[in-house]
Each structure stands twice: as C-alpha cells, then as structure tokens.
Amino acid sequence: MSEEKAPAVNQLGLSKADYKAGASTMCKGCGHDRISEAIIQACYDLGVDGRSVIKMSGIGCSSKTPAYFLGQSMGLNSTHGRMPSFATGAHLANLDMNPIGVSGDGDSASIGMGQFVHMIRRNPKMVYIVENNGVYGLTKGQFSATADRRSPSKRGKFPREDSIDLCGLALELGAPFVARSFSGDKKQLVPILKAAFSFDGLAFIDVISPCVTFNNHEGSTKSYTHQKEHGVTYHDPFFIAPKEQIDIEYEDGELQEVTLHDGSKLVLRKLEKDHNPAEISSARSMLMETRDRGEILTGLIHVDTEQPSLAEVSGLSREPLVRQEQGDLRPAAGVLQGINDSFRI
Amino acid sequence: MSEEKAPAVNQLGLSKADYKAGASTMCKGCGHDRISEAIIQACYDLGVDGRSVIKMSGIGCSSKTPAYFLGQSMGLNSTHGRMPSFATGAHLANLDMNPIGVSGDGDSASIGMGQFVHMIRRNPKMVYIVENNGVYGLTKGQFSATADRRSPSKRGKFPREDSIDLCGLALELGAPFVARSFSGDKKQLVPILKAAFSFDGLAFIDVISPCVTFNNHEGSTKSYTHQKEHGVTYHDPFFIAPKEQIDIEYEDGELQEVTLHDGSKLVLRKLEKDHNPAEISSARSMLMETRDRGEILTGLIHVDTEQPSLAEVSGLSREPLVRQEQGDLRPAAGVLQGINDSFRI
Amino acid sequence: MNPVVNDFSVRIATPNGTGSQTSNIVIHRALLRMGLAANAKNLFPSNIAGLPTWYQIRVSPGGWQTMAESWQILLPLNQATIGKDLRESAPGTVVIDNSDWKTAESAFEGFVRYPVPFDKLARGIDNAKLRPRLKNLIYVGVVAWLLDIPIKAVREALETVFPGKTEVVDLNESAAMIGHEYASDNFTKQDPYTTESADQVGNKILVDGNEAAALGAIWGGVSVVAWYPITPASSLAENLEKHIEKIREKDSEGANRFVVVQAEDELAAVGMALGAGWAGARSMTSTSGPGISLMAENLGLGYFTEIPTVIYDVQRVGPSTGLPTRTQQSDMLQVAFHSHGDTRFPMLLPANPGEAFSMSCQAYDLAEKYQTPVVFMSDLDLGMNNWICDPLEEPSADFDRGKIASDEVIARLEKWGRYRDVDGDGIPYRTIPGVTLHPDAAHLTRGSGHDEDANYSESPEVYSRNLDRIARKISGMVVDLPEPIFKPGHGDMGLIAFGTTDWAVEEALADMETTPDYLRVRSFPFHQQVGEFLENHETVMVIEQNQQGQMAQLLAMEYPQLAGRIVSKTYYGGLPLSANFVREALQSASEVEAR
Amino acid sequence: MNPVVNDFSVRIATPNGTGSQTSNIVIHRALLRMGLAANAKNLFPSNIAGLPTWYQIRVSPGGWQTMAESWQILLPLNQATIGKDLRESAPGTVVIDNSDWKTAESAFEGFVRYPVPFDKLARGIDNAKLRPRLKNLIYVGVVAWLLDIPIKAVREALETVFPGKTEVVDLNESAAMIGHEYASDNFTKQDPYTTESADQVGNKILVDGNEAAALGAIWGGVSVVAWYPITPASSLAENLEKHIEKIREKDSEGANRFVVVQAEDELAAVGMALGAGWAGARSMTSTSGPGISLMAENLGLGYFTEIPTVIYDVQRVGPSTGLPTRTQQSDMLQVAFHSHGDTRFPMLLPANPGEAFSMSCQAYDLAEKYQTPVVFMSDLDLGMNNWICDPLEEPSADFDRGKIASDEVIARLEKWGRYRDVDGDGIPYRTIPGVTLHPDAAHLTRGSGHDEDANYSESPEVYSRNLDRIARKISGMVVDLPEPIFKPGHGDMGLIAFGTTDWAVEEALADMETTPDYLRVRSFPFHQQVGEFLENHETVMVIEQNQQGQMAQLLAMEYPQLAGRIVSKTYYGGLPLSANFVREALQSASEVEAR
Ligand SMILES: Cc1ncc(C[n+]2csc(CCOP(=O)(O)OP(=O)(O)O)c2C)c(N)n1
Ligand SMILES: Cc1ncc(C[n+]2csc(CCOP(=O)(O)OP(=O)(O)O)c2C)c(N)n1
Ligand code: SF4
Ligand code: SF4
Ligand SMILES: [Mg+2]
Ligand SMILES: [Mg+2]
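If you're matching them up, the sequences are chains A, B, C and D in order. The first sequence begins at 7 in my numbering and counts up one residue at a time. The second sequence begins at 7 in my numbering and counts up one residue at a time. The third sequence begins at 22 in my numbering and counts up one residue at a time. The fourth sequence begins at 22 in my numbering and counts up one residue at a time.
Hint data in this document are derived by calculation from the structure and do not stem from the laboratory. Watch out, some of these pointers could steer you wrong.
[Stated by the list, open to error] Capping the alpha-carbon separation at 27 Å, the derived lysine-lysine pairs in BS3-like fashion look like this:
{"#": "1", "chain 1": "B", "residue 1": "Lys163", "chain 2": "C", "residue 2": "Lys271"}
{"#": "2", "chain 1": "B", "residue 1": "Lys22", "chain 2": "B", "residue 2": "Lys192"}
{"#": "3", "chain 1": "A", "residue 1": "Lys26", "chain 2": "C", "residue 2": "Lys436"}
{"#": "4", "chain 1": "A", "residue 1": "Lys34", "chain 2": "D", "residue 2": "Lys105"}
{"#": "5", "chain 1": "B", "residue 1": "Lys34", "chain 2": "C", "residue 2": "Lys123"}
{"#": "6", "chain 1": "C", "residue 1": "Lys590", "chain 2": "D", "residue 2": "Lys494"}
{"#": "7", "chain 1": "A", "residue 1": "Lys160", "chain 2": "D", "residue 2": "Lys263"}
{"#": "8", "chain 1": "A", "residue 1": "Lys34", "chain 2": "D", "residue 2": "Lys123"}
{"#": "9", "chain 1": "B", "residue 1": "Lys146", "chain 2": "C", "residue 2": "Lys186"}
{"#": "10", "chain 1": "D", "residue 1": "Lys150", "chain 2": "A", "residue 2": "Lys160"}
{"#": "11", "chain 1": "C", "residue 1": "Lys263", "chain 2": "B", "residue 2": "Lys163"}
{"#": "12", "chain 1": "A", "residue 1": "Lys34", "chain 2": "D", "residue 2": "Lys150"}
Using the sequences provided together with the hints, build the complete structure.
Structure (structure tokens):
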C-alpha cells in the first residue's frame, strides 16, 4: 500500500525535504502545522513537481502556512476572505498549474462566505482546504462562524449563533468533492489530499485543526480531545496512483473505489455502516445524522466526477493563457479595418 | 375565513389606500408589483400600524419597491447586497419596530451572499423577502446566481453554473422560518406574509417573481408560465389572527396548525402528500425531492418557533435603545472616578 | 424668414422603455446618412420602464459633439414632463406635441407649434400587436417633414437599426410615413430650421467609449476578464465579450484564448483580475463608483505586491448610488489614493473613443511594464454616448510585457529577488508561475511587509525602502504615460481640463477671440509639462465635472508652490458638459482679472 | 563614575508568546510604583508565538512618553535576533545576556556585560509545569538588581498584574529573586544607571488609547456596537464590551441597554452601525486599514443620506496587510475623501488617552448634530501602548442629539422635509422611526439623488443643491470640532503636527533654544486658525507618520494660496516616532533657511 514506509526519494528523485519550505511560525502543537505536513507528504508521495503548484491563501494563521510547505511552489497570500477569487483568476490564467487554496474558518466562513459559495458554484480545478479551528487565531481567539454554540471560549463565553457546517453547505451548493478530516489523523488526511489533487474540479476539504493557544481547552468542540472522542468515519481510505500495482484482495462490498480524473483511485474500506459517497442522498443523510448525534463525520463525504469544471464550461483553451503570445491574442491586421467599417456612418 | 371580502376599513380604521405609497415605476406586469400588493394586503388585513414598520432594501428593481408600499412607514434603501446588515442594526436600535427586508436574487444571492448567510445565523426578528426573478433586472438582464443552468437568457445563452436554492441554503443554515411562494399566487403569499409578520425571528420568504422584461420568455424557469406549470405545494394555508373566531370545521389530520409567537395561527390544509414543516427532516426531504423532479416547492417549508432570536440571545432590553436617555446611558457621576482609580499607577 | 440650415438641437422627451429609443436613433442615423455630424445624447433614468428620458440630437456647422444647453425643436411626448419641458424651452422653440392630450393652449404660447394627433394616427397602423412600438415612428416622419430629411435617409437609418430585416424596415417606414403625410397635409412650415446634405463626416466612425475601450482591451491582449454588472460600465465588458468571441482567434481545437467571468461582486471581480495578473495573464475588470469603492482593499494589495492588471472606472454621479445614469468625473481623488496606507495609482484619462481604444490597449503594457494596477478613468458620457470620431488606429507598438524573470534572466542576474531594483528604475523582475522554472524563482507574494527577496520582514528600513522604490517606480511611469496635449492660445491665462470636459472646451475655444493656453491632462502622475504650464501662467483655470475640483486639488498637492495660481471651476449636475459652461467660466475669470 | 539616575532606556528582546510580556510589564510597573513616569513601548510581530518582540522601557527626568531611538540597557534574550540586537546597540551599552547560549565573546566587545546563566538558574524553579513561564521572571530580578529597584516595588507590580492571586505572586516573586540573588552574588556594578524613587506621576493614570476611547464611547452613550476583529483595533471593541457590561446600568428587568455584535466582516459592521444610526441609536464600529478600505461604499451612503455614526480607525502600517502590528498615520487622505464621488469626512485626531476619551465621547454628539459619519483617527501607538496621562475627565456637556424632527417640530415647521435647510446651516431635521409619528414624517432614505423631501430626483439642480448643502454642513462643523492647539515659540518658522506625533514634537521642543511656533491640528475640516497659522509663517513644517505627507497634502488642497509655504517631513518605518526625528527635521529646515 502506498502509505507504507516512504523511500528516500520519490519518482522525481526528490526527497521529502524538497517539499518543505520555511520554518513554521505557528505555535507549537498548532493543528495547522500537521496539515502542512500532510500536504508535504501527499505531494512527495504523488511525485508532484512543486513548480506546477500554486499556493493561494487569505489572511490568518492558517493562511500563513503556504510559507511553510512546498518551497518550490509560488504562492499568493491575498486578502482576508478573498482567496477564492484570486485563486480562480490564477487558475484561469494557467490551466497547467495546480492550485492549493488554504484558508481558515474565519477567512472562509465569516468574511469570505460569499466567495466560498460562489467558488463552489464555479467549480474550478483546485484543492480548497479550510483549516478549521473555530476561532480567529491570528487576532487572538474571537469566535469564528464555525464555533459551536455549546463550545465556550477560554474565558467561558459562548457563541450566540449556531455554527456553520462548511461540508453541509458545500453539499447543498452542489460541490462535487466534499471531505472532512482532522489534522491529527494523517492516515486519513493524506489519501484524501491525494485524491483531491487528482480531482478535476473543486475538491473541498474541511480539516478540523485545533488552535492550541485559543481553542484547545476543555469544553471546546474543536479541541484535539473532542475530535478524538466525537469524530466518526465510515471508511478507511487509501490512495492508488495510476501506475501503482493493485494487489489488494478484497471481499465484494467491503471496498468502494472512486476513480478520479487522472485514473488514480481512492479506495474506501468500509467500516461499520454503509455510506456511498457517490450518492448525494447518502452523503446528505450521513452528514445530518452524525451532526444530530453531536458527532463529527470525517472522510470522503461526497464525490461526483461528472460535474464539468469551470475551464470546461468556459470553453477555455488547454494551452495556458499565460503562454499565448501577441500573435495569438491581437487580431490580425485588417480586422480593425472591418470593425471601423461597421462603425462607419 | 380572513381572506373573504375585505371591509372598507380595518381594525385601525384605515383603508387599503392607507397602506399604499408612491406609484410604482416597475415595468407593467413585473412580479415585484404583485408582491408589493401582497404586502399591502397582509398589513391591511393584520391591521398593522405602518409607523411600526421599517422597510429595508438593497439595490435593484426589487429593492426599489419599498417606495411603492406602506407609505406611512419609514424605509432605508441601502447599498447593493447589504440590506441584512443595515436591517440588523436598525432592528437592534429599536425592538418595537417590525422590519420588512426586501431584496433581489442578485442582491441576496450574488453580492449579498455573505450577509444573507450571517443574517440567518443571527436570527433577528424580521421578514426577509427575496423577489426572485433569476436575473439582474435593473442592470438589464444578466444572470443572477439563482438562474438555473437550463434556463436560457433572452439571447439564448445559458448560465455556466448551477443555481442557488435560497430555501435549501436557509434550511442548511438552520433558519427557523423558510417559505417559498410565487408573486402570481396571492392566495398563498398573503397568509404566509401574515405568518411571517407574526413570527419572532427571521422569516425568510423566497418569492418567485418573474421579470417580464428580461426573464419571462419561453424556456425560462422563472417565467409566469413555468412557475404555473412546475410549482407544487402540499398545503393550502390560511391565517387566523389571535382575536379571530375560529369556526372552521375540519377532519382530524387534514389540517396542521402552526402557532406563532403572538398567538396567531397559520393553518395548513393538507393537499395530496404529508409534509410537516415543523419537522426539519420532512422539510429537507420535501425540498430535495421536488427539486430533483424539476418542481418548485412553494408554501411554508419549515418553521421552528423555539429558536431564540437575536434580541433574546443578546439579553437586550425590551425598551428600545433609541428611547434610552442620557440618564440611562451615561454612567452615574463617580463611576469614572472609580475607573480612573483602577488606572492609577 | 431666412432658413437656418444644419444648426439646431432637437430634444425628444419620452417615458423610457416604450420603444421611443428606436425612433430617436432613427432620426439621429438619418441625419448621419445625410452626411451631417449629428451628435446625440441620451439622458436616461435609472429605471427600466416608465420614467422620463430625454434624447437630444444636435446638428451644427462645426459638427460639435457636445450637448447644447438649449434646443430649438422640442417633442414633449411624455405626459409626466410636458409642463416642465415646455417651461424650460426658450420662446420661439418649435414644438411638436401630441394634440390628443388636450394640453392647455396657453402652455404653447410663444412657441411655434405643430400639434399632431399621435394617438388617432396610431390607429392607422395595421399591425395591432406592434402598434404600441410602431406608434413612436410617427414622430420620426413628422421630424423628417419638419427638417426636410429625405425619406431615403430615414429608410437607410432603419436598415442600419434592423439589418437584414426588410419586413421590419417596411413596417417602420410606413409608420413614419403616416406622420410625414399628416404633417405635409396639415402644416405649413412656419419655422426656419432645415437640413441639407453635407460632407461633415467623411471617413469618420460612430462609436461609444465603452465599445472602443473594449476593443482596445482585445488589441491589448487581455485574456482574463472578470466583471460585475453596473451601469454605466456593463456595456464595456458586454461588448468585450461580444467582440472577443468573434475576433480572438481560437486555438487549434477551437477553444477560447480568453475567458470572461461574471463575478458575484466587485470584490471577487478585482480579486480574479489580480489573481490572473499575478499568474501572468493580461487581465482586467470594469466597474463604476460603488464597485470601485469596494475594490479599495484588493487594489491596495495589487499596488503593494506589484501585480499588473487594468481597472476600468466608468464614472457616474456619486457619492453613494448618486445618479447612476448621469455623468461625472468625481472618483479622481478616491482612485489616486485608493486603499488605506500610502498609495498612488496611475490613471489614464481618455477624452474620446480614439483614446479610449488606444489608452485601453496601452494600459496592458503599462500594467505589465510597471507591475501595477492601472486605472482607466472614463465616464458615462464617454462610455455610453455615441461619438463621431476618426477610425480606430491599429496600435503601432508591440506588446511590452516588461521585466519578466525568465530562467535565463535569473541565471544571468547575480542574485535575483522579486523586489530587487536591479536597474535603478524601481521596477523589479517578476516571475510567472509555471513559466519561470528556475529553482530560485519560487517565492510567496504577500501584502505584508517584505524584503527585496519577497521574504516576510518587519524591519522599518526594509519597509520604507520598499515603499520608496514603489513610489519612484510610479513616478517614473510618466515617460510612458500619455502626454498632456498643449494647445497654445492668446491670453496669458492657462486652462487645464481632462477627459470628456475636452469636448466642451474645444467648442468654447473655437469661437473665442482671445483664448487661453489650453493643456489637456491625459494621465496621472503628471508629466513635467503640467508643472511647467503652471509655472508659465499666473492664472490657470481648471475645469472639471465634480463638486470639489478634484483635479485642481490633485494639482495643488503635486505642485504646492504653484497651487495659488489655480482657479477651479466645476460642474456637477450630471449632464454632459456644455460649451456654454466653459465660456461662462472663462468669462468670469477674465472679469476677475480685469478688476 | 557618576551615577545616571532615572534617565535611561531598557530594551528587552524576546520571542513572542513565551510569557516574557508579563516580565516586561512587571519591570515597567515596578518603576511606576517608584513614582517614575516610565514609558513602555511594545514592538510586537504579527504572529502569535515565536517571532521577535521588543519591549522598550524608558525612564527620563522629563517623564517623556515617547520611545527613544537608542537604549542604554539591553537584554538580548532572543537567539534569533541577538546578533542584530547587539550590533544595533551603542558602545557602552549595558548588556544582560544568557550566558548559557555560548554567544561569541567578541559580540560583546565594547559593552558592559552582565552574563546570566538563565537556563541553569531556571532549573532552580521548583514548579516544573510553570517553569517555562516563570523562567522569564529571573531577568526581572537581574534588572531590579541592576537599577536598584526595591523588591517591594517588584512585588507590588506583581500584585497589580495578578490581582488577588497571592500564590501566583509568591511564585513569581521567588523566580525573580533567583535572578536578583544571582546578580548580587556574582556581579559588581560597573555601569552608572540607577533609579531613585521620585514623584513624577502624582495623580496620573496609565491607560492605552483604545481603552480610553472605549470608555469615551460609553460616556458618549453608544448603544449599538458592531465590529470585526483586526489588530490594532480589536481591543477598542473588546474593552468597550468589557466595561459596558459592568457600568452601563441595566433596565428594570436586568437586561442590557446596549448590544455588541461581532459582525462577519467590516462591510456588515459598518452596515449595522449605519442601520442603527439611521434608526436613532448612537452607534459605532471600529477597525483598521483593510477594514476602513472595505467600508468605503457604505460610508459614502452614510455621508450622502446623512446618517450619524462613529467610525474608529486605529491606523496601522499600510498599504495592504502592511505591518499590522506597527504604527502609522497613513489613512488620512483615504478617509478624508472616502468613497467614490464628492465626499469630505470629518475626522477627529486625538493625540493622547485623555483626548481619546473626550473626542470619542464628543464624536456621538458631532455625528448626531451634523448627521454624518464621523471618523475617529487613532493609531496603533496611541491605541495599544500604555500612556501616563491625567485622569479621564467627566464630560461637562450633556448629549446633543441635534435636530430631531419630533412630532411637535414637524407640526411647528411650515413644511417639513427630511433634507430641507430650515435654519440656513445646512443641517436638516431628521426623524426617528417609531418615535416621530407625525403623518408627514415617513419617507424612504436613499443613496440615489433625492430632493429636499427625500423624494427620488434626477434633476441636476436638485442634485447640486443637495451636495452643496452637505458640503456647507460639513464645513460648518468647525465650530464644534476640537480646535487646534497653538503653542507659541520663538522662531518665525511654524510647525504643524497631529495625533501621536505630538509627543515627539513636545519632547523635541522642550530642550530647543529657538523653537518654532507649533500648531497641533485636532480635526478635519480645518479651523480658520490653521489657515491663519499658514498665513503668519513663511515656512511651515508639517511632521507626520506616513510616506506621502498626507496632512501636508490636505493642507495644500485646502489652502492652495499658501501651499508653497509647506515643508513636509515624514517618518514611515512603523516605530513610534522619536523626539530625535523631530529634532533632526527642524534642524534640516533651519539649515535650509540659513542658506
Ligand atoms: C479585511 C480584514 N479584516 C480583518 C483582518 C484581521 N484578521 C486577520 S486574521 C483574521 C482571522 C483569521 O481567522 P481564521 O481565518 O480562522 O484563521 P486562523 O488564524 O484561525 O487560522 C482577522 C479577522 C484582516 N486582516 N483583514
Ligand atoms: C456595488 C454595486 N455593484 C453593482 C451595482 C449595479 N446593480 C444595480 S441593481 C443590480 C442587480 C440587481 O439584481 P437583483 O437584486 O436581482 O434585482 P432585480 O433588479 O432583478 O429585482 C446591480 C448589479 C450596484 N448598484 N452596486
Ligand atoms: S494562535 Fe492558534 S491557529 Fe494561530 S498558530 Fe497559534 S495555535 Fe495555530
Ligand atoms: S426590469 Fe424586470 S424586474 Fe425590473 S421592473 Fe422591469 S420586469 Fe420588473
Ligand atoms: Mg480559525
Ligand atoms: Mg433579480
């Protein structure tokens, strides 16, 4: 299986260190650092060329993390809540690049809600990660819109509103790839990330990522402990790259396979209960049921590989726009003449 | 029943004309005008004092309509997509007032998505009407975010993205009062509006309101014809004010009653199929099922009278803030002394 | 009575959304067919149907494209405004009214009246379904009779409006003929106004500024367009989409070499434009007042991280919603220092469709060469009204993509850093993700303090140095920005204007004896010539279309030593500026001087 | 060696988020307990833990509250910056370093070094769990030894920091004593710096500007607060909530007479504030750069529809994300002309906590009296640093709610209209929904063109008239806005500053022989005195904390005739301004004059 002991270099001949970047300035133990590690692991395993990735983010502790992974990739740390629009523009400019968008719960669910919703509708190819800790870390611990009503702040205050479930929202909006994971569960997060990279469309991943400084205390529903106690999942996922030999034996019905656009597969080993992420109704009811029970569902919640991506519906050339030259872009001599004629009096 | 032939004056001694305002400047036949009429009718029937209402709106044809109903009420025509925040502020300033927010699909689902979502979470007492025509009327017919993918523009272009179902979104966000109606169906819209006025919390009503100038052509899924052909409902509603004598005879199980905060009732006469709007799961499944069948569900979709309103969770005085005087607001003599002491070195 | 040939304005008052716009355009087009450089201004409300609209067509010997303050011929065909329309007309005005309305006779006193029973005549239109729209054509016929416009010209105009639809043209023509016949049967000409064919237009074209700017963008190589609808900017992006679909060559698979995205709002639109610019595509967004306000924060990011993109601000009357369908030049101060913190945005100030095309095209070079958002400051009058002007000129310059840190460049430079001032001009070398592959190229662009190598820094020195370099870079743009245009006069007074104010100035100066020296500013930051112009004139009047005198204020800030010489004259009622305003402004100034 | 008593700066370099902040505050507080007007500046990064922070405490005979450019005592306790910290220190600086780090001896050359084995000493702390935090207290003890700060003062400081927690105080004190003992056992004093109790503070208080402004808002009667977190503004709203919960009297049912809403963003925050202001409540929002940019459009609505509200802009270093935890005065131009179209926003310019309190309180009267958003322009240095100042003064004036069209007023006025200029001062009478019940009161407030009766209008005359009235109203505010403060000097030069720049100016002027006349501007639009000041001085230097000289530019715009007299001096590195900068600026000017 691909998660077993990694070789010293990957298929590109790169070592894991080649996927790292500057030293993190997160607090020690911050969930966000674990997500950066998972991204590094996934890209290393997949043999991604860092130079084909662009890292996009908004503002927040989470949004700083692109400085701490994939040092060979360029990135843009934009404005608060606006990562989706910057990423969409960058994506359209160059379809060859693989955007990873990193955001926070404040960044996406509060100020960025509008862009979050509309990015899902547009469905650009992109991995969209929300590093969800239920607080504004960088501004020192105010509630975000994913803070649960029953989850007190360190000072014992409670949020006045119900929290937003970004996965629920994404499902309602028709997102084609909806997953949730936990920064403390690399075993689950890494294969999901790999599947997300292989997905041609918006792959949304809500990652519960505890803020050790402001929201990891008793009673918090975004703490490491809470997630360990209340997280549920219905699958053990593992990822198989197109080239990998599949030598897994399995009983019928125990495993579900999701074949992604580039031919790779996410294999889901069923636990306890049936849940077929390809069926939207199954996804919806799983999410609602667990939510009603106070559980936090993780894993691949929904996937739909049929939905056309933004580039497709835009009829966009596969040759990146950034590579088009003056000869491709400026109309030929004579065309202006014709236009002038049409304006003639 | 309350919808029978209206008397010449209502309980306040006001005639219907007292609930009108300036002449409409909408296009002839515009759905929005019918909604204004329904608001006038509902307020007249309820005997609302116009001076206890504030009319809030954003920008668009729809958002202009507060100039055309309830001429005795004050109103604020704010900026594009920002009605929710202005209305929230005005509401908090004076809990005695009853805000009616009027918005468009462009105003609420495109630029205003963030405020729409967060207003639902906050749950201020207010009637929130989206006059939904699937286009930007005032800027001449561009697609809005509620334009269905299969619904062409007058020039035959199709939207590139799936539409947003504002009722679905409201349900997912936990809105306590979710309804949909049709500007062409006053019989349904008026009682729903009355129930909304009587509701202590956010009463959201998505009203399909055809734009005769830009989106009423063949193929459009927001046309009068389309709504008449594809609209479905499971209830005939009627509204009973607290003081009204109930002399309706009914068979058990045929009628559902929703008792609202002021003691009035919305009575739902069952059609065809069972749907209990007090059950969120019933609401969800009805909405999903009809949507999947290409139908547009109208009626009261969901109601939850238990959810605490913004004023409640804020512990706000029932005495309106605007009526508080200097004596109530400025700390007593001596308090500053104490504060200075605490700052003493 | 001597005939007045080719020298009058016709004002047509109608409710909007009733189809009268077609008739108005037909009259305008018919005059154009006669070789007259007729100008038309559309004064429309912020509404879809039913509110007052005025359409004013002007024919003048000089072929002026400005709106006159008065009119000689009035068609008060809106019952809601007829009283006001008549009151605002000068004695002797020719009035063509609807006699079926039974307006009090007294209202027409002092006018030359041609009463037409439009409602009755309309019953003569066979096609009942189209009758409400065709009814408007009747007044076209009456006007044609009045001004002696050949029926042929009317038909040709109809053919331009309904290309290839002979049946529709026939229907419309016959409706017009109803009016024409009624007038020739019932009226004798009592007024002097008439037309004669002439050769005022020659090779000229008729186009509005938004369409010209849209074409400029295509020639400038734009490939990512993100916008959000707003009057008066919408037609810029809409025309761009329409044309680019046709004239931008497809790739070998027939796919698009561009993308146009209708964003969910202006925050997203400018975000997409900046994202695309950052990734290396030529990108743009277009908007007006409220939208430009919403873009403040993101534009500040673009300025400080040095991302090329082009913003079109088609100005309308502000503040707030203001008069969304009226014209103004009142976003100047806001845009110049947009966003919090120290910024100074380059602005292009086109005055006519030719410049709208060329400056729009050039904007992409400027944005990429100087790695900054460039703001194209148009206005509703330029953007949405049609102008007779010279044909658009093929740009002579090739794309200038500026300093791109290709792999070779990085290898060549001793040490490449995203924000290093290698050449001493303040302009660093930028990378393009996926194109620049050199291992040193990667970095994270950020709006927070950063050093020459794009690393995070909170050092005061690094911060100040960076800000200074950017300021130097922006100031350095003058060598490539459109130069001011100097037109010598006789007086020792100077006159400064910009944008569409130019048309009124040109017309006013044309018939003055002692004209001031005139400098038309075409960009910000200002060229040296602007300072010299202030130095060379004791008094410099600045005429502009906003309340505060924003250009005058910008000049005072940039040239404090000379600020005392500036006299600011402003119009801010929202109508296109008239030559008369300029005349009176200059008059008042010379009076001041004479005292 | 003569002792240097009560005249030095101590600079402490640590990584943030390690608990060192407590130790720093204890040192500061201990000096205050001695009666010294010690000032402390916290230079912190935009980060939660691990990045470099500096804390600089200054004791001076004058009790100056500005930061000195240099320091006499350095604690380089951050391994990431020790090299830089030492390099930046002047020869002779006293250095207390961590000798366990094995820093090269050579780095300490020229300094007076007291090496302390902090790591080793820390092992002496019993409480293993608290050891990492308590470890920081060791250097408190060393500093106490060095400066002869009585242990009693340290203990009292700890009691202020941990009120009522004797156990914690004991623990901390004993940690401090480890350092104190080590130092007294191992070092002999080799430097001259020491302290003595004094009476510099008297009745004074210690408070930061955000807390003072928050209290001012409570005294000003704010009842609807909507905000979105952002450094350095967050603590304003947070303190407001904390205090108002305690000191605003509850109603008879124990319910709140206020509401604080954490909005989803700044667009919503200002929308709520304006909605509440429109409805008749006193309302506010607070933010910084990026947030103030996002408020542009809605503030324009507030300006044009004439809605009272108060906006607090705690300025930080821009543009874009800039240096979010550093100070600047660089939003001046943006705010003055915020939003598209012609606007001119009144700004209050507090320089110290006393003014933060009084101007914040007054802002609500101004907003309601003049029916406009009023912007309170603070900055990070004022807002987040503690200042020693006079006690806050109970406001003497009662609420001035301005012209409210009550039922009686409407009945009395011949014809009431929301935007009628009844009194000739440009200020109309406003209604309060639900309170004004007169049948004529109802109207629809709108951001589009409107006439005196709030009806929709596209008339150019109506529009211009309305804009002119608003401009007149805003200009008329000067009678109530805080006046500039004039401080006569000797030279014939003038000096203008505003906000926190004042502290550095005051200090610089105190020890100069020939001082310029000094005018501290405290609001915009400017008072007549400002123009007169320019008139009375051939040269007026304007010192401010931004790159462009934004105040100088505003002055040039407002007084073009006198603009040539303005000399602009700017600092924009983000540190609190030093007196030395002012001294050098004045020096350079007098050199210019001498030439
Ligand atoms: C327009 C704007 N408003 C406010 C801020 C201040 N701000 C910086 S980060 C942040 C919250 C970030 O929270 P989240 O996205 O959850 O990230 P986290 O730090 O928790 O990872 C805020 C409000 C800003 N930078 N820009
Ligand atoms: C910030 C901003 N952007 C754009 C506009 C232009 N605009 C006015 S109305 C409108 C769309 C309105 O559509 P909708 O809300 O659906 O209302 P409708 O006219 O269809 O009733 C737009 C984009 C604006 N006024 N403000
Ligand atoms: S404050 Fe919270 S989110 Fe930010 S780095 Fe620290 S632990 Fe992580
Ligand atoms: S354009 Fe459409 S939405 Fe607007 S008034 Fe006309 S019909 Fe109604
Ligand atoms: Mg967070
Ligand atoms: Mg609409």
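Quick rundown of the hints versus the structure:
1. The straight-line distance between the Cα atoms of Lys163 of chain B and Lys271 of chain C is roughly 19 Å, inside the 27 Å bound, and the hint therefore holds.
2. The hinted pair formed by Lys22 of chain B and Lys192 of chain B meets the criterion: a straight-line CA distance of about 16 Å does not exceed 27 Å.
3. As the CA atoms of Lys26 of chain A and Lys436 of chain C are separated by approximately 22 Å, the hinted pair is consistent with the 27 Å bound.
4. Between Lys34 of chain A and Lys105 of chain D the CA atoms are separated by roughly 25 Å; this keeps the pair inside 27 Å, and the hint holds.
5. The hinted pair formed by Lys34 of chain B and Lys123 of chain C meets the criterion: a straight-line CA distance of about 25 Å does not exceed 27 Å.
6. About 21 Å separates the Cα atoms of Lys590 of chain C and Lys494 of chain D, which keeps this hinted pair within 27 Å; it holds.
7. Using a Cα cut-off of 27 Å, the hinted pair Lys160 of chain A and Lys263 of chain D holds, with the two alpha carbons roughly 15 Å apart.
8. Restraint check for Lys34 of chain A and Lys123 of chain D: satisfied, since their Cα atoms lie roughly 25 Å apart, inside the 27 Å limit.
9. At roughly 24 Å between alpha-carbon atoms, Lys146 of chain B and Lys186 of chain C fall within 27 Å of each other, so this suggested pair holds.
10. At roughly 19 Å between alpha-carbon atoms, Lys150 of chain D and Lys160 of chain A fall within 27 Å of each other, so this suggested pair holds.
11. Restraint check for Lys263 of chain C and Lys163 of chain B: the C-alpha separation of about 12 Å stays at or below 27 Å, so the hint holds.
12. Restraint check: the Cα-Cα separation between Lys34 of chain A and Lys150 of chain D comes to about 16 Å, which is no more than 27 Å; the hinted pair holds.
When held up to the earlier numbered hints, the structure conflicts with none and fits them all.
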